[in-house]
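Per my numbering, the sequence shown runs over residues 2 to 979.
Read the hints as simulated data drawn from the structure, not as lab findings.
From the three backbone atoms N, C-alpha and C, an ideal C-beta is built for every residue, glycine too.
Hints are supplied without guarantee of correctness; some may be wrong.
Restraint ranges, calculated between C-beta atoms of paired labels, are given here [unchecked claim]: (1) Glu453 / Ala388: 15 to 23 Å; (2) Glu445 / Pro611: 30 to 38 Å; (3) Gly425 / Asn395: 35 to 43 Å; (4) Arg559 / Arg133: 42 to 50 Å; (5) Asp457 / Ala388: 35 to 43 Å; (6) Leu712 / Gly672: 35 to 43 Å.
For lysine to aspartate or glutamate, the following EDC-like pairs were computed, each having C-alpha atoms within a straight-line distance of at most 20 Å [claimed, not checked]: (7) Lys53 / Glu35; (8) Lys53 / Glu896; (9) Lys773 / Glu896; (10) Lys53 / Asp81; (11) Lys53 / Asp114; (12) Lys247 / Asp263; (13) Lys53 / Glu127; (14) Lys247 / Asp259.
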Amino acid sequence: MPLLEPRPSSLRPRGIGGPAPDRLPGHRAGGTPEPLRGELTGLLGTEKVLWKVSDLVRYASDASPYRFVPQVVVIAEDLDDVSAVLSYARGRGREVVFRAAGTSLNGQAQGEDILVDVRRHWTGVEALDGGRRARIRPGTTVLRANAALARHGRVLGPDPASALACTLGGVVANNASGMTAGTTRNSYRTLSSLTFILPGGTVVDTADPLADEELARAEPALCRGLMEIKREIEADPALAARIRAKYEIKNTTGYRLDAYLDGTTPVEILRGLMVGSEGTLGFISEVVFDTLPLDREVCSALLFFPSLTAAAAAVPRFNAAGARAVELMDGNTLRASVSVDGVPADWADLPGPTTALLVEFRAPDRAGLAACERRAAEALAGLDLVAPVPSVTNAFTGDPRTVNGYWKARKAFVTAVGGARARGTTLITEDFAVPPARLAEACEALLALQAEHGFDAAVAGHAAHGNLHFLLAFDAADPGDVARYGAFMEAFCRLTVERFDGSLKAEHSTGRNMAPFLELEWGPGATALMWRTKQLVDPGGVLAPRIVLDRDPQAHLRGLKTIPQVEAVADPCIECGFCEPTCPSEDLTTTPRQRIVLRREMTRQQPGSPVLDGLLASYGYDAVDTCAGDSTCSLDCPVGIDTGALMKDLRHRRHGPREEAAARLAAERFGTVETAARLAVAVAHRVSGLGGYRLLESATGAARRIVRPDLVPRWLPQLPPAAPRRRPATRRVGAAAVYYPACVNRVFGGPPDPSGPSLPEAVVALSRRAGKPVWIPRDVHGTCCATIWHSKGYDAGNRVMANRIVEAAWGWTAGGRLPLVVDASSCTLGIAREVVPYLTPENRSLHEELRVVDSVVWAAEELLPHLEVRRTVASAVLHPTCSMRHLGDEAQLREVAEACAEEVVVPDDAGCCAFAGDRGLLHPELTASATAHEAAEVTARPYDAHLSANRMCEVGMDRATGRSYRSVLLELERATRP
Numbered sequence: 002m003p004l005l006e007p008r009p010s011s012l013r014p015r016g017i018g019g020p021a022p023d024r025l026p027g028h029r030a031g032g033t034p035e036p037l038r039g040e041l042t043g044l045l046g047t048e049k050v051l052w053k054v055s056d057l058v059r060y061a062s063d064a065s066p067y068r069f070v071p072q073v074v075v076i077a078e079d080l081d082d083v084s085a086v087l088s089y090a091r092g093r094g095r096e097v098v099f100r101a102a103g104t105s106l107n108g109q110a111q112g113e114d115i116l117v118d119v120r121r122h123w124t125g126v127e128a129l130d131g132g133r134r135a136r137i138r139p140g141t142t143v144l145r146a147n148a149a150l151a152r153h154g155r156v157l158g159p160d161p162a163s164a165l166a167c168t169l170g171g172v173v174a175n176n177a178s179g180m181t182a183g184t185t186r187n188s189y190r191t192l193s194s195l196t197f198i199l200p201g202g203t204v205v206d207t208a209d210p211l212a213d214e215e216l217a218r219a220e221p222a223l224c225r226g227l228m229e230i231k232r233e234i235e236a237d238p239a240l241a242a243r244i245r246a247k248y249e250i251k252n253t254t255g256y257r258l259d260a261y262l263d264g265t266t267p268v269e270i271l272r273g274l275m276v277g278s279e280g281t282l283g284f285i286s287e288v289v290f291d292t293l294p295l296d297r298e299v300c301s302a303l304l305f306f307p308s309l310t311a312a313a314a315a316v317p318r319f320n321a322a323g324a325r326a327v328e329l330m331d332g333n334t335l336r337a338s339v340s341v342d343g344v345p346a347d348w349a350d351l352p353g354p355t356t357a358l359l360v361e362f363r364a365p366d367r368a369g370l371a372a373c374e375r376r377a378a379e380a381l382a383g384l385d386l387v388a389p390v391p392s393v394t395n396a397f398t399g400d401p402r403t404v405n406g407y408w409k410a411r412k413a414f415v416t417a418v419g420g421a422r423a424r425g426t427t428l429i430t431e432d433f434a435v436p437p438a439r440l441a442e443a444c445e446a447l448l449a450l451q452a453e454h455g456f457d458a459a460v461a462g463h464a465a466h467g468n469l470h471f472l473l474a475f476d477a478a479d480p481g482d483v484a485r486y487g488a489f490m491e492a493f494c495r496l497t498v499e500r501f502d503g504s505l506k507a508e509h510s511t512g513r514n515m516a517p518f519l520e521l522e523w524g525p526g527a528t529a530l531m532w533r534t535k536q537l538v539d540p541g542g543v544l545a546p547r548i549v550l551d552r553d554p555q556a557h558l559r560g561l562k563t564i565p566q567v568e569a570v571a572d573p574c575i576e577c578g579f580c581e582p583t584c585p586s587e588d589l590t591t592t593p594r595q596r597i598v599l600r601r602e603m604t605r606q607q608p609g610s611p612v613l614d615g616l617l618a619s620y621g622y623d624a625v626d627t628c629a630g631d632s633t634c635s636l637d638c639p640v641g642i643d644t645g646a647l648m649k650d651l652r653h654r655r656h657g658p659r660e661e662a663a664a665r666l667a668a669e670r671f672g673t674v675e676t677a678a679r680l681a682v683a684v685a686h687r688v689s690g691l692g693g694y695r696l697l698e699s700a701t702g703a704a705r706r707i708v709r710p711d712l713v714p715r716w717l718p719q720l721p722p723a724a725p726r727r728r729p730a731t732r733r734v735g736a737a738a739v740y741y742p743a744c745v746n747r748v749f750g751g752p753p754d755p756s757g758p759s760l761p762e763a764v765v766a767l768s769r770r771a772g773k774p775v776w777i778p779r780d781v782h783g784t785c786c787a788t789i790w791h792s793k794g795y796d797a798g799n800r801v802m803a804n805r806i807v808e809a810a811w812g813w814t815a816g817g818r819l820p821l822v823v824d825a826s827s828c829t830l831g832i833a834r835e836v837v838p839y840l841t842p843e844n845r846s847l848h849e850e851l852r853v854v855d856s857v858v859w860a861a862e863e864l865l866p867h868l869e870v871r872r873t874v875a876s877a878v879l880h881p882t883c884s885m886r887h888l889g890d891e892a893q894l895r896e897v898a899e900a901c902a903e904e905v906v907v908p909d910d911a912g913c914c915a916f917a918g919d920r921g922l923l924h925p926e927l928t929a930s931a932t933a934h935e936a937a938e939v940t941a942r943p944y945d946a947h948l949s950a951n952r953m954c955e956v957g958m959d960r961a962t963g964r965s966y967r968s969v970l971l972e973l974e975r976a977t978r979p
């Protein structure tokens with residue numbers, strides 16, 4: 002063990018008070034039992050089998066209110082792996098559940114035996130026929146697929162609110178639809194073909210002309226059985242009519258029985274049945290969608306009504322006017338949405354019954370938009386609208402920022418309301434549909450039922466399609482509260498079916514939640530056909546046996562997860578998974594959601610529990626060390642949960658007094674540290690240049706083993722040489738801004754370019770060239786943005802440097818009269834925002850007067866208008882840094898790049914590189930994993946320039962791509978050089 006390895010117990014949650022009734026029992030502490038672990042490892046290889054107790058726990062939770070801990074998790078890389086797992090399960094009588102993003106709301110992505118991750122290695126999108134079709138792998142998010150299609154002016158039909166995180170495999174398996182899909186643009190209606198593997202191992206590509214012939218040879222009994230059910234349905238006109246009627250409104254309850262009416266062959270029937278089958282009939286390995294035109298012209302309005310029923314009553318007139326979307330948000334939803342960035346704060350003061358409709362019209366061109374605007378105005382006339390708070394306008398607009406704000410509030414429904422629930426309560430998301438003409442009546446009945454059972458639910462949904470969602474919060478650890486929820490569900494299901502002939506699940510699929518009520522909606526005859534279908538396709542019951550179909554009338558109350566209170570920053574988490582696609586460690590160790598899930602399980606355990614010990618033993622590396630700390634998770638979390646900040650706090654908890662004191666001393670004497678660091682880089686670079694790279698690698702490797710890998714950086718050949726000892730000459734008199742070269746750019750130089758300037762030289766030259774000279778203070782040496790200490794959780798050192806830099810900047814800028822231009826985006830973020838909590842009250846007042854400007858923003862807004870571009874390159878690829886996302890500076894990065902290159906590309910898979918200062922030196926595997934998809938995209942074609950705005954991020958991308966990245970300001974200096 003390294004000398005300074007911290008004790009795992011330092012990470013124990015402070016609120017442990019177990020044992021909780023739903024804790025993982027002690028006999029599971031060893032993880033996957035034998036012979037299961039050994040047999041799967043022998044079959045697939047060690048890297049594809051996750052067996053530690055921490056692995057099993059982190060995969061046990063998803064966005065649903067359920068929690069089931071698998072026996073083992075398999076990371077499938079290809080169809081051979083899936084086939085091998087299915088064959089193994091058939092032979093051993095085991096069960097298999099597939100999981101991709103884990104954003105499903107009804108427990109359909111959870112299993113109690115073998116859980117197969119089909120997200121990590123299953124991404125990719127290919128536009129076909131000029132974008133009119135798209136071939137997509139199941140682990141690809143809707144957002145990523147639409148990004149690829151947008152350049153062709155096309156879009157997918159399904160548009161769920163979770164598009165940021167949900168994957169296409171899950172969208173098809175659940176027949177998820179969303180805001181505008183309705184019954185005509187959903188997966189069932191827009192799928193061209195799909196490829197899937199049946200439980201018996203047969204692979205079917207429905208686009209293959211010989212698919213039926215091959216299926217008949219491989220699975221003759223299945224083919225006969227499917228055609229027999231088809232004949233039975235067609236021979237019963239009443240049943241056939243009933244099936245057709247059920248799909249006139251949105252419906253994802255049970256299997257898609259109209260597949261038997263729409264398909265003429267076994268393959269065609271299976272193609273329909275797979276949609277909405279929730280992984281119970283097979284694994285979908287590839288889909289081909291027919292795409293739709295991306296109508297870019299938009300006019301939208303958020304219209305406020307005095308009550309839920311009043312808003313629902315107005316829906317038909319907007320449907321008749323041709324609105325693409327009519328979304329409803331009740332008062333509880335609107336008030337909870339104030340936690341979402343950009344939502345007006347005065348929504349918190351909206352009267353209780355206030356309800357809003359988000360109405361949107363879309364058109365392909367300006368002429369079409371003008372027609373939409375006329376119809377919108379006609380529909381608006383005479384409505385009884387209210388404006389209870391100043392921000393309400395009740396007017397249609399095409400302003401992108403305003404429209405995006407409306408949709409951000411609407412899409413945050415589940416997470417914003419969930420985040421505002423009482424701490425420690427479990428969230429249930431219900432989803433039902435009624436004929437749109439009866440929506441107002443259904444709203445009134447729903448409100449009465451909620452009141453009868455003591456719930457004050459939040460309601461929102463796709464009002465245009467008669468599809469509403471509502472959220473209930475209750476204490477799953479309280480049997481009385483569970484019984485109250487159970488009684489409500491029984492009454493709600495009967496109300497929906499018996500009074501409105503509605504769908505118990507409109508788009509979230511049956512899952513575990515609605516399986517006991519399947520027969521209530523469909524009746525015994527149709528339900529029996531669904532059971533027969535499952536028996537035909539999966540006679541061994543291998544796939545997800547308690548999902549969709551379950552004869553237990555209490556199945557929806559089994560496995561409800563409790564939500565123990567942990568750290569306050571994490572308590573609002575509803576485990577939705579929206580944070581995961583942006584997380585740099587997603588494919589290496591854990592995600593923000595999983596980090597919180599693991600802490601909640603620790604809290605369920607009692608002190609000394611073997612499960613707790615096992616979780617703590619893994620948590621240091623899996624959660625704390627391999628968190629990049631970039632906090633982009635907080636940007637994608639609709640309620641802004643900053644798991645990166647939590648991990649920094651846990652790093653702080655692991656520090657002993659001596660370690661904190663050493664860090665403080667380093668801050669106090671940072672001038673000496675900076676000089677030593679620059680000298681060490683210079684010497685190491687000289688040694689490396691003389692062929693001593695392996696010596697440096699061995700020396701740092703040995704030190705890492707002896708001291709601690711999270712403290713001693715590893716030497717990488719991509720590290721740049723030392724920065725020039727002297728900074729460019731500048732004058733304070735006449736300066737338009739104070740230029741602060743970040744310490745990283747005072748220690749490390751730029752990419753090898755004997756004829757080019759250093760970054761400080763480039764910034765000075767550009768500013769002088771544009772007539773806005775900058776001044777570099779003589780005493781910048783020994784100062785820092787404090788990110789070095791902040792990122793590692795060294796609070797004492799952080800306070801020292803945070804206050805030093807603010808006091809210095811106050812003096813340099815003459816009390817904030819001049820802007821402070823910073824040449825590294827992470828340092829800009831550090832000085833502008835991250836230092837604030839660590840300042841003294843006096844220095845906080847000084848900080849409020851400072852204007853901290855990133856050098857890229859300075860170049861775009863102040864310099865570029867006064868510069869003459871004399872030469873450009875043909876193409877440039879950008880790496881926007883995570884700090885730029887926080888600062889909102891990505892547009893300026895692109896603007897500067899577009900001045901330097903004829904073509905500028907931001908990869909669709911661009912994300913945080915996870916180099917995070919020195920984290921890429923401490924854990925190079927983190928950066929390798931975080932950049933893999935972006936690097937593949939970058940190296941797929943040549944570019945003339947590879948540009949970014951942070952030196953260590955550039956080093957990380959150098960290592961990932963084998964290409965040389967440099968600051969966009971160096972390229973701008975070259976482009977405008979006389």
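Structure-based check of each hint:
Look at glutamate 453 against alanine 388: about 32 Å separates their beta carbons, and that is not inside 15 to 23 Å. Distance hint check: the CB atoms of glutamate 445 and proline 611 are about 53 Å apart, inconsistent with the given range 30 to 38 Å. Look at glycine 425 against asparagine 395: about 38 Å separates their beta carbons, and that is inside 35 to 43 Å. One distance hint, 42 to 50 Å for the beta-carbon pair arginine 559 and arginine 133, holds here, with the actual separation near 45 Å.
About 24 Å separates the C-beta atoms of aspartate 457 and alanine 388, a value inconsistent with the hinted range of 35 to 43 Å. Distance hint check: the CB atoms of leucine 712 and glycine 672 are about 22 Å apart, inconsistent with the given range 35 to 43 Å. Of the supplied pair hints, the one linking lysine 53 and glutamate 35 holds, its CA atoms being roughly 12 Å apart against a limit of 20 Å. The hinted pair formed by lysine 53 and glutamate 896 fails the criterion: a straight-line CA distance of about 48 Å is larger than 20 Å.
At most 20 Å may separate the alpha-carbon atoms for a hinted pair to count; lysine 773 and glutamate 896 meet this at roughly 19 Å. Pair hint lysine 53 plus aspartate 81 does not hold up; C-alpha atoms about 24 Å apart against a cutoff of 20 Å. Of the pairs offered as hints, the one joining lysine 53 and aspartate 114 holds, with about 14 Å between alpha carbons and a cut-off of 20 Å not exceeded. Our distance criterion of 20 Å between C-alpha atoms is met by lysine 247 and aspartate 263, whose separation comes to about 14 Å.
About 36 Å separates the Cα atoms of lysine 53 and glutamate 127, which puts this hinted pair outside 20 Å; it is violated. Restraint check for lysine 247 and aspartate 259: the C-alpha separation of about 9 Å stays at or below 20 Å, so the hint holds.
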